[in-house]
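Chemist: Residue numbers (our numbering), protein chains in the order written: chain A, 1 to 260; chain B, 261 to 587.
Hints are not guaranteed to be accurate.
Claimed, not checked - Taking lysine-lysine pairs in the BS3-like style, the calculated list, with each CA pair at most 25 angstroms apart, reads: (1) A/K143 - B/K461; (2) A/K153 - B/K457; (3) B/K457 - B/K468.
Derived by calculation from the structure, the hints in this document are not laboratory data.
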Amino acid sequence: MIVGVIMKQTFDTEEKIVIHQGMISEEGVKFVINPYDEYAVEEAIRIKENTGCSVVVVSVGPPRSSEALRTALAMGADEAVLITDDRIPQDEYAVSIVLAAYFASHACDLILGGNFAVDTGSGQVAIRLAELLKLPHVASVTKLELQTGGRAKAERDAEGDLELLEIELPALFTAQQGLNEPRYPSLPGIMKAKKKPFRQLSLDDLGIAPVALQARTTQAELSLPPVRQAGQILQGDLQQQAAKLVELLRTTQRSGGPTL
Amino acid sequence: MSRTFLIIAEHRDGKLRQVTAEALQAALLASGDGDRISAVLLGSGTEPLAEELSSFPLSEIHVVDDPGLSAYNPEAYTAVLGELIEAVRPDAVFMGHTAMGRDIAPALAAKLQAGQLSDVIAIERNDGDGTVLFTRPIYAGKALEKKTFVQFPWVVTVRPNNFPAAPSLEGHRAPVVKAGIAAPSQLRTIVKDVVRKTSGKVDLTEAKVIVSGGRGVKNADGFKPLEELAALLVGAVGASRGACDAGYCDYALQIGQTGKVVTPELYIACGISGAIQHLAGMSGSRVIVAINKDPEAPIFKVADYGIVGDLFEVVPLLTQEFRKVLG
């Protein structure tokens with residue numbers, strides 16, 4: 001059995017965002033495996049530990065993404081593939097086509113990905129990929145259990161409700177927080193990772209004509225949200241403060257504040 | 261050129277979700293003169309919902325009523341909607357960025373070979389040349405981007421609580437059309453059970469008021485006073501990652517960069533210090549109240565009103581004061 005993991009390298013969630021010359025500055029920024037993709041990697045490695053399958057991690061992105069793939073190898077994945085090419089636009093339509101081309105010739109029994117990427121927050125690529133590969137998908141899973149007979153049981157978080165599903169493999173799953181606790185790469189893991197297969201592919205290697213990847217959307221503007229100003233720290237004893245707060249909220253309500 | 265917009269209606273507990281009317285409003289903002297806006301309604305026993313929907317400014321309502329659609333099944337819903345968009349060939353699909361929208365919209369976009377803009381919070385249309393700018397938060401709201409589509413068709417999901425609900429029109433009756441599509445009989449995905457943990461509660465992403473707890477709540481029971489206040493204000497309870505990691509509550513409640521991004525009218529942060537990841541998830545709230553023992557907590561830097569004190573003293577006092585004025 002082969003388990004594929006699609007992953008993206010993103011900004012560390014503790015990073016501040018700086019816009020420089022109309023772009024988000026990457027200077028001095030720490031990059032990590034997208035936190036949701038990290039759950040996907042961990043889940044794949046756990047499946048490997050239980051079943052002896054092999055795990056291949058695949059990323060579409062700039063050359064720096066190789067660090068994230070190396071981390072996944074150090075965690076226990078067997079093989080990494082970086083699809084990097086300046087002709088791939090930053091558009092979910094295009095990225096999903098690239099991934100579909102890869103998986104069409106490297107079929108997996110199971111594909112795992114993250115619920116969404118914490119940078120663009122669009123949550124499209126994994127589900128688009130499932131659709132392109134004609135695979136059923138279960139998104140936002142908090143539990144995944146492989147059954148005999150090529151089936152899996154999944155629990156999915158849907159706005160706080162819990163949905164229990166059974167699905168026939170091959171299928172695609174996206175990982176939600178709570179699925180597992182990702183491990184840290186061990187030192188022996190890091191040493192071993194250096195010897196694991198790491199392939200770098202271009203559009204030509206995948207036989208994709210750049211014209212097939214024309215972006216469907218384009219960014220027109222980028223800005224920082226208005227800075228919130230610190231407000232008022234209330235004074236007096238707590239009882240007075242509570243009364244004052246309720247009064248203040250009711251006054252702002254009349255000038256467009258919260259509806260209470 | 262006249263375009264066809266399609267709204268995918270969502271409902272819950274036998275009622276249309278407000279996000280359906282918000283998605284319609286978003287489509288109204290993005291459309292121009294002569295464009296048609298229709299809706300599609302999926303489910304089982306949908307007649308009263310179709311009735312409710314028909315008073316909205318819609319050209320028609322496509323209905324697929326099938327017992328096979330009574331519970332949400334990603335495979336069945338995607339198949340039916342796929343068939344419907346095959347028939348309707350919409351130029352744009354609009355729906356909520358909800359559990360269902362996040363699940364279905366990308367599949368439809370892939371089928372349509374379309375671009376998708378997810379989690380849209382504002383729309384500006386230039387009536388002169390018809391270009392439409394969609395604003396969406398990135399990095400969980402640490403930055404905002406405006407995007408446009410390069411070509412039709414479009415797929416758009418809108419963040420709940422950010423567009424006003426489209427008004428229903430008095431005397432308007434949009435025709436209800438049976439779509440002539442059935443739920444697929446052969447499915448690779450079976451929904452075994454749905455555990456309604458939020459039944460009867462206000463959904464976090466749609467809540468107008470959120471009372472949120474951090475590590476300061478100390479344990480699972482510590483959420484009780486927060487729940488009481490939230491119930492009084494018809495709001496929802498949220499949490500910081502710290503509270504979830506400590507096992508005080510379910511990750512489904514988590515607000516932040518990993519977790520939910522919320523934009524309620526009122527956000528009351530109790531015992532939350534205000535890590536940058538948490539601020540990313542809630543700083544779009546209209547009014548922020550912070551309650552924390554530590555006067556140096558970063559949460560006070562973004563709060564409109566702050567109370568320095570123990571949440572276990574302050575929250576019950578607040579509940580008491582609200583009860584006085586709300587009756």
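Chemist: If you draw a straight line from the CA of B/K457 to the CA of B/K468, is it 25 angstroms or shorter?
Modeler: The given pair, whose Cα atoms are some 19 angstroms apart, holds under the 25 angstroms limit.
Chemist: Are A/K153 and B/K457 close enough, with their CA atoms no more than 25 angstroms apart?
Modeler: Holds, because 20 angstroms separates the two Cα atoms, which is no more than 25 angstroms.
Chemist: Starting from A/K143, check that the Cα of B/K461 is at most 25 angstroms away, please.
Modeler: Status holds; Cα separation ~24 angstroms.
The structure shown violates none of the earlier numbered hints.
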